[in-house]
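Start from the sequences and build out the full structure, keeping to the hints where you can.
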Amino acid sequence: MAYANFITTIGLEVHVEMKTNSKLLSPSPVNFGDAANNNTNVIDWGYPGVLPQANKGALEYGMMAALALNMEITRDIRWDRKNYIYPDNPKSYQTTQQATPIGQNGKVEITLEDGTTKTIRIKEIHVEEDAGKNTHGGDGYSYVDLNRQGTPLIEIVSEPDITSPDEAYAYLEKLRQLIQFTGISDVKMQEGSLRADANISIRPAGSDQFGTKVELKNINSFSYLRTALAFEEDRQARELIAGNTIQQETRRYDEATKSTILMRVKEGADDYRYFPEPDLPVVHISEEWINEVKNKLPESVSDRLNRYINDFDLSPTDAGVLTQTLIMSDFYDKTVGFGADPKRSANYLIGDVNAFLNENGLELQDTKITPEHLSTLIKLIDDGTISTKQAKQVFTALTQGQEPKDYVEKNGLVQESRVEILQPIIAEIVDNNEQSVIDFKAGKDRAVGFLIGQIMKQTHGNANPNVVNQILIDELNER
Amino acid sequence: MSEVLSKDEAKHVASLAKLNFTEEQLDKMVSQLSNILDLVDTLNEVDTNGVEATYSVSNNVNVLREDMADNWQQKDQLINNAPESKDGLIKVPAILDGGDINE
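Sequences listed follow chains G and R, in order.
To get my numbering, take the position in the first sequence, counting from 1, and add 10.
To get my numbering, take the position in the second sequence, counting from 1, and add 582.
No wet-lab data here; the hints were simulated from the structure.
Quick caveat: nothing in here was measured; it's all calculated off a predicted structure.
Any given hint could be a false lead.
List time: in silico BS3-like cross-link candidates among lysine-lysine, alpha-carbon distance up to 27 Å [as the list claims (entries may be wrong)]:
| no. | chain 1 | residue 1 | chain 2 | residue 2 |
| --- | --- | --- | --- | --- |
| 1 | G | Lys268 | G | Lys304 |
| 2 | R | Lys593 | G | Lys29 |
| 3 | G | Lys133 | G | Lys29 |
| 4 | G | Lys101 | R | Lys593 |
| 5 | G | Lys402 | G | Lys420 |
| 6 | R | Lys673 | G | Lys143 |
| 7 | G | Lys353 | G | Lys389 |
| 8 | G | Lys66 | R | Lys673 |
Here's what the structure looks like:
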């Protein structure tokens, strides 16, 4: 898509809503979906004379994010006011950490679809507050709900290292994964707990001056953002080739036409007139406090990955699939915790469970499958109670919330391991296939495979393969 | 009074505050704002070399709140105090020039 003689530079600004109990500067509850303005008080409304106090938990979550993104933590923090006038924030400023961002100089390693890896540096992350929700009524009025006003956010700002829409996509996926495993946010774009804005510019190869940035806003999925960036890359190249200039503007993505549409032209730089927040005391983060937060941090993605490879002998690819999401990884750990074989548990989750999720367009947490049931199913296979073919049937029952042992008993699904039942069936099949006996004697192993196939067909796949194999070999040797 | 502030700058500041002035009002604002800037110039005459910046007037450090939710149940009073409201929402004149920080 990109023109070979242009270099693309993409910057991403990601906002993540933190799952704290209370707001950044007031004790009002943080809860999505409550009645309008229910979770607001005089502080959230910016009344004069109120005494805001910063939320220790929000700062700690910010430190957790900084640690997860390999950042240095800023030890002395003061708050700043970012001034703007809009009804979604009655204070007329956002409290943020412009001058002293809590985390600086981070980096993440991204993996592209072709397997190549690249390091993307992260400039800084700020802990700041979200704004309320402003709905335009079409009647000349807007209607404001301040429930979200003051919800703690982290803003993650990338360095200009991203040079393609695919890298931007991989970077966002990586951020989502790393943040999700810290447990500080649900990082769900559809619920607004993760929002990504991008800026993109192109410049002729050989030039060391960045081109004019175009901002992309209000894009609600990673793949839309990737498509929008690819469209922009192309549009800007065509403009420059035609001898036009790129103007500084903000665009949005239009799903129907898979293109970007002008929202507004920017005149001059943003003018937020930052100044130090006088109402909040400064914050000092000690070594001791950082260590305390480190201890609270759940097991990271890379630690889990290494544990799966080293302790459970999984392949890096399988371990990678299981650590894509926190829910999958937790589910896997619990399944193994209930006593199922780690390798078989991994295979089942990556294979049958993922296939079931894909077929039905479901997320693991929306199904009736539980780690305990899956573990029981795997143990029933391993101890020879049911065949792998019967397991498929039991798995279907599992997705309907049925207990595997119960289901197996009620439906008489027991694998046939009794010699007295299998012996006559095997003897008869060997009788009917003299050529296979001759082949076997001539050292052709293929004959055994053929005979086992016949036996399995005869027993509808319910015979225990190990027992069948033993009886068959004995039978053949006797002839 | 020195002319430290241009009319255009005054207009810009007004637009940031979503204010519209008539030419007459604007002249008044230029003069008043210029007076304020003069005062700042006077303050700037003080030699502050070697003086650490004051970010907070108290010497408090780490005065933080534990992350516990407490709903003060002020919604009804606050909504009643708003100039206009509808269905629990605050009703305000629509501003559509994209000043929304989330846009």
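Next on the checklist: To test your reading of the hints: which numbers does this structure violate?
Outcome noted: Structure breaks hints 1, 2, 8.
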